[in-house]
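Let the sequences and hints guide you as you build the complete structure.
Number of protein chains: 6
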Amino acid sequence: MSKHLIEYADASARVRVVYDDIMRTRQVDQVNNFWKCLAAHPDTLERTWFSLKQIMAPGSLDPLTKELIYVAVSVTNNCSYCIGSHIAAARKAGMTDDMFGELQAVIGMANETNRLAVGYRVPLDDAFKE
Amino acid sequence: MSKHLIEYADASARVRVVYDDIMRTRQVDQVNNFWKCLAAHPDTLERTWFSLKQIMAPGSLDPLTKELIYVAVSVTNNCSYCIGSHIAAARKAGMTDDMFGELQAVIGMANETNRLAVGYRVPLDDAFKE
Amino acid sequence: MSKHLIEYADASARVRVVYDDIMRTRQVDQVNNFWKCLAAHPDTLERTWFSLKQIMAPGSLDPLTKELIYVAVSVTNNCSYCIGSHIAAARKAGMTDDMFGELQAVIGMANETNRLAVGYRVPLDDAFKE
Amino acid sequence: MSKHLIEYADASARVRVVYDDIMRTRQVDQVNNFWKCLAAHPDTLERTWFSLKQIMAPGSLDPLTKELIYVAVSVTNNCSYCIGSHIAAARKAGMTDDMFGELQAVIGMANETNRLAVGYRVPLDDAFKE
Amino acid sequence: MSKHLIEYADASARVRVVYDDIMRTRQVDQVNNFWKCLAAHPDTLERTWFSLKQIMAPGSLDPLTKELIYVAVSVTNNCSYCIGSHIAAARKAGMTDDMFGELQAVIGMANETNRLAVGYRVPLDDAFKE
Amino acid sequence: MSKHLIEYADASARVRVVYDDIMRTRQVDQVNNFWKCLAAHPDTLERTWFSLKQIMAPGSLDPLTKELIYVAVSVTNNCSYCIGSHIAAARKAGMTDDMFGELQAVIGMANETNRLAVGYRVPLDDAFKE
Chain D
1 MSKHLIEYAD ASARVRVVYD DIMRTRQVDQ VNNFWKCLAA HPDTLERTWF
51 SLKQIMAPGS LDPLTKELIY VAVSVTNNCS YCIGSHIAAA RKAGMTDDMF
101 GELQAVIGMA NETNRLAVGY RVPLDDAFKE
Chain E
1 MSKHLIEYAD ASARVRVVYD DIMRTRQVDQ VNNFWKCLAA HPDTLERTWF
51 SLKQIMAPGS LDPLTKELIY VAVSVTNNCS YCIGSHIAAA RKAGMTDDMF
101 GELQAVIGMA NETNRLAVGY RVPLDDAFKE
Chain U
1 MSKHLIEYAD ASARVRVVYD DIMRTRQVDQ VNNFWKCLAA HPDTLERTWF
51 SLKQIMAPGS LDPLTKELIY VAVSVTNNCS YCIGSHIAAA RKAGMTDDMF
101 GELQAVIGMA NETNRLAVGY RVPLDDAFKE
Chain X
1 MSKHLIEYAD ASARVRVVYD DIMRTRQVDQ VNNFWKCLAA HPDTLERTWF
51 SLKQIMAPGS LDPLTKELIY VAVSVTNNCS YCIGSHIAAA RKAGMTDDMF
101 GELQAVIGMA NETNRLAVGY RVPLDDAFKE
Chain C
1 MSKHLIEYAD ASARVRVVYD DIMRTRQVDQ VNNFWKCLAA HPDTLERTWF
51 SLKQIMAPGS LDPLTKELIY VAVSVTNNCS YCIGSHIAAA RKAGMTDDMF
101 GELQAVIGMA NETNRLAVGY RVPLDDAFKE
Chain W
1 MSKHLIEYAD ASARVRVVYD DIMRTRQVDQ VNNFWKCLAA HPDTLERTWF
51 SLKQIMAPGS LDPLTKELIY VAVSVTNNCS YCIGSHIAAA RKAGMTDDMF
101 GELQAVIGMA NETNRLAVGY RVPLDDAFKE
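Chains as they are written, first to last, in this note's numbering: chain D, 1 to 130; chain E, 1 to 130; chain U, 1 to 130; chain X, 1 to 130; chain C, 1 to 130; chain W, 1 to 130.
Since the hints were derived computationally from the structure, they do not count as laboratory data.
Just so we're clear, the structure is a prediction, and the values are computed from it rather than from any experiment.
Note that the Cβ used here is the ideal one computed from N, Cα and C, for glycine as well.
Check the hints yourself; a few may be wrong.
The list that follows gives simulated cross-link-like pairs (lysine-lysine, BS3-like), each with its CA atoms no further than 30 angstroms apart [unchecked claim]:
no., chain 1, residue 1, chain 2, residue 2
1, W, K53, D, K53
2, C, K129, W, K92
3, X, K129, U, K53
4, C, K92, W, K129
5, E, K129, D, K53
6, E, K129, D, K92
Chain D stretches covered by chain E per the calculated footprint, using a threshold of three residues with CB under 8 angstroms from any CB of chain E [said to hold, decoys possible]:
no., segment
7, 52-60
8, 69-79
In C-alpha cells:
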C-alpha cells in the first residue's frame, strides 16, 4: 500500500522480534500501520513498543481508563491516526457509546475552560499550590 | 487580592445564585478564583458553571475518571491553573500517588506517539476507519 | 532589570532606527520588553517590526478587530506575554469590558467545538469545500 | 453518507427540537454535519447549540467580528472542519477577500510573535500587569 | 486544480516578481502551491517570501539544520502541508534516512518530556534561570 | 525546596542507580529538578532517562543539532522548564548567540507559515506526496 510500510515478510530479524511481541501481547495476527512505519528506525520501534507496553499494562489505572486518557490527549493534539486507533482500542476495552459521549463532553469542556482560565489570567488559589 | 476577583460580598444577586449553587454542589464554603474571575461576565459564569456541573456529574464515567481526563487535556494544553485545580479535584475524588504517576506516563506517551504518527505520516488502517 | 533587555542608551544605530520608528508610530516614549529582547538579533528585530507594522495598520479590518484576533490566537497558544500586551493594545483601541467578556466567550467556545469536531471525526459538508 | 450522521427523519423528538431551532435561527433548511454527529449524545447537542447560539448572537461584538475570532482560533488549533464551516459563516456575515487576507496575516503574525516572546523568555512589562 | 491557486500565466506583475525570485533562488521552474495560494494577498506573499528567504539563507546555522528545525515545529503543530514540503526540502539539503529517524525520535521525546515537566509542575532549577 | 523533589540522600536504591547514571553520563555532580520529580514514579524515571540517553547520544545528528530541535519543540509547546533546560544544554553543546537568534527566527517563521498553510487550506503538491 505504501512504500513506507514494512511488512512482516520484509522485516529484519530485529523488527520481527518486536512484531511478534506486539501480536502476542495484543492477541492479534497483524501489527498496525504505526508499527510498520516505525520499523524504518528499529531503535524507535523497540523503544516505543516496550515503553507503550509497560505504560498501558493494567496497574493502578485499568486499561479502559488509560485508553480514555489516550483519546483525550490525541483529540486535544488533533492527531487523526491516534484518535482512530485509540477509539478502536477503547471500544475493545469496553467503552460504550454513552462513555464515548461523556468522554468527548469532558474533553470539549476542559479545552474551553483551559482557555478561559488563560484568557482571564486567573491567579492560582493558594489551596491548589503544591 | 486582585481587582479582578469578585468576592461574594460584592457580587450581584445573579452572580450569587451561581456561587451558592457551586458551594452547595461541591459542599465547600468558598468558590475558586476561576469563578470569581468569570463573574465579570455573568452570561459566561452561568453557562460555564451549569455546563460543567452537567458534564462532570456521575454518569457512564465516574467522577475520578472524568477528573483524570480533565488533567490530561490541561497538561497537553499547558494550562497551569487547570492543572492545579483539577489535580486537587482528582485527589479529592480518590486519585492515589500511583494513579498520578500512571496518568502522567500515559499523557507523556500519548503526546510522543501523536507526534510520531504525524511525523511518519502513518496512513490510517482500514480497521480504524468509521 | 534583565541582562537581555537592550535599552535605547545601549543600542546600536541600527537598533535605534527601529526603536525610533516604533515610538513614532505608536506615539509612545518607550518600547516594550519584547523589542528590547529581539534587539539581540537585529535582523529579527527589523523584520518583525516592519512586518507587524504593515499587518496591524488599518485596512479592510480596523485596528480593534485586529487586536481582538491577536488576543484570540495568543490565548489559544497560551502566550502570557502576548496576552498581556495585546489585551492592553485592544483596550487602547477601544475594547470595553463587555467586548472583553464576549471575546473570551467566543475563544472558549471555539476551542470547545474545535475538539468536538475532531473527536467526533465530523466529515466536512460539501457546502464548506472550496 | 456516514452511519454517524443522524438525519432529521431518524432523529428523536428531543433532537428534532434542537435541529428545528438551528434551522429557524439560521434560516436554513438543513443542519450541518457537526450537529448530526453531536446528536448521538443529546446532552452535548443541546448544551453546545444553546451555548453557541447565546455566544454568537449580536452583542458588543458584531457577528462578523465573532466569526473572524472563531476562524483565528480554529486555524491556530488546525481544526479543518471548523475552518471550513466558519470561513463559510464569516463570508455569509460579510467577510470580503481583502478581509480574509488580512485575517490570515494577523493570525500568522500572532503565531510567530507568540513563539518569539516565549523563545526569548521576554519578561512582562509592568504596564501590562493587571 | 483549485480556483485558489494563482498560476504564473494569470498572475499580476507584482506577483510575478515574487514568483521569479522564488524560482531563481531555489533554482526550480515552478513555485509550490503555498505561494500560489498566498498570491491572493500580494502583501502577504511578498512579506512571507522575503522573510523566509532571509531566515533560511545559510548563516550560523546551515540550511539542513534549519530545515530539520522547520520539520520539528511543523510536526509539533501537526501541519501536514509544511511537513510534506519541509521533509522534501530537508532531503534535498542532505537529510538521510537515519537522520530522519533520529529527527523524529528527538521530536517525539521532546513532546513527551514537555508534558512530563508540565504535568509534574517541575520548578525551574536556578542554573537554568537567565 | 519542594516536597516533590527527591534528593539523592532520600532516594531508594533503584532511583540512585538512575541518578548515578545521569551524573556519570553528563559528567555533573547533581541531577536536575526534572529527574528529582520523576523519581516519585521510578518506572517513569527509568524509562524516560534511558530513552533520552539513547535518543540524545551522538548519531547521524550531532548533539548540538539535537538540542536545537529540542528547543524548537519546547518553544512551540510553550514548556518553560524545557526551554530553560535545553537552551542551557544547547549552549553547553556549542550554541552561540548568533545561532540562538537564527534558531528563534526559524521557529517563529515555521509557526507563522504553518498557520498560513492551514488557514489558506493549501492543497499538497504532488511532488511532496510520499
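Here is what the structure says about each hint:
no.	hint	verdict
1	W/K53 to D/K53	20 angstroms, holds
2	C/K129 to W/K92	15 angstroms, holds
3	X/K129 to U/K53	24 angstroms, holds
4	C/K92 to W/K129	15 angstroms, holds
5	E/K129 to D/K53	24 angstroms, holds
6	E/K129 to D/K92	15 angstroms, holds
7	52-60	holds (count 5)
8	69-79	holds (count 8)
Consistency note: the structure conflicts with none of the earlier hints.
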